[in-house]
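Novice: Quick note, the sequence shown lines up with residues 153 to 417 if you use our numbering.
Any given hint might turn out to be false.
Claimed, not checked - Okay, derived cross-link-like pairs now, DSS-like style, lysine-lysine, Cα gap no bigger than 25 Å in a straight line:
1. 187 - 398
2. 227 - 250
3. 342 - 307
4. 342 - 245
Derived by calculation from the structure, the hints in this document are not laboratory data.
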Amino acid sequence: MTNLTISPDQLARIALDAGRLIMDVYESDFSVDRKDDASPVTEADQRAETLILKGLAEAEPDLPVVAEESFSDGKVPEHGHRFALVDPLDGTKEFVNKNGEFTVNIAIIEHGRPVMGVVYAPAKDRLFVAESHNSAWQASAAPGAEVPTERTSLKIRPAPAEGVTAVASKSHRSAETDEWLGKHNVADIKGAGSSLKFCLIAAGEADLYPRMGRTMEWDTAAGHAVVEAAGGRVLTEDNTPLLYGKKERGYDNPHFIVYGDVTPV
153 MTNLTISPDQ LARIALDAGR LIMDVYESDF SVDRKDDASP VTEADQRAET LILKGLAEAE
213 PDLPVVAEES FSDGKVPEHG HRFALVDPLD GTKEFVNKNG EFTVNIAIIE HGRPVMGVVY
273 APAKDRLFVA ESHNSAWQAS AAPGAEVPTE RTSLKIRPAP AEGVTAVASK SHRSAETDEW
333 LGKHNVADIK GAGSSLKFCL IAAGEADLYP RMGRTMEWDT AAGHAVVEAA GGRVLTEDNT
393 PLLYGKKERG YDNPHFIVYG DVTPV
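Construct all of the structure, not just a fragment, from the sequences and the given hints.
Specialist: See the structure below:
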């Protein structure tokens, strides 16, 4: 019997289906609950995760999956060097505020590195796919649509001589982030929600994203896969690669920086 392994197009198919379900809830009169850590959770988070877990199990039955809502419920599978990280709705606050800046994140991890990933923003019809370590594309795709065949290759841009564009939260920037940005020739700061921050760098729409706040592995793995496949890097503050499968940290990330064509300081 052949061991089934999931393909990038299968990952995209699952994300598009999850996006359709999320948009059904988005356009309804949904309620918001609070998790133990006071973060918001909606019916969309839970329903999308159920759909994604089912899709992954059908495509690659032996693939362990660490997913946000299951993790919150205390369900953490044993896994070896290959596993999946899932955030069914990254940017629940953006979802609740109805600004469209939320994503579906699905990533495949091998030996601590994200080797494949999908970030899908269903309210914006933007799909980003990392097929391998050096191949990524984006496409326009409506929620639930077929996986698009018209694809644009993703590549980071050369750093603009007049100064780089950083991506950061305009409303929640910490003093630490501002201090860090001050070390670089920053000409502009764009606000963006969820994993779109990684994808803007992969698409050559920005150059730098410092994250000096708490994130979990499922928040970052898919975007990390996309930006790295487009030629970018994701490094911790001591310039080592951001790695995954950190069970001893409870899958919590250290601070990190996403670099396009920018030399780490």
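Novice: Take the hints in turn and mark each one as holding or not.
Specialist: Now for the hints, and whether the structure bears them out:
1. 187 - 398: 22 Å, holds
2. 227 - 250: 29 Å, violated
3. 342 - 307: 19 Å, holds
4. 342 - 245: Holds. Residue 342 to residue 245 sits at ~18 Å (cutoff 25 Å).
The structure shown violates just one earlier hint, number 2.
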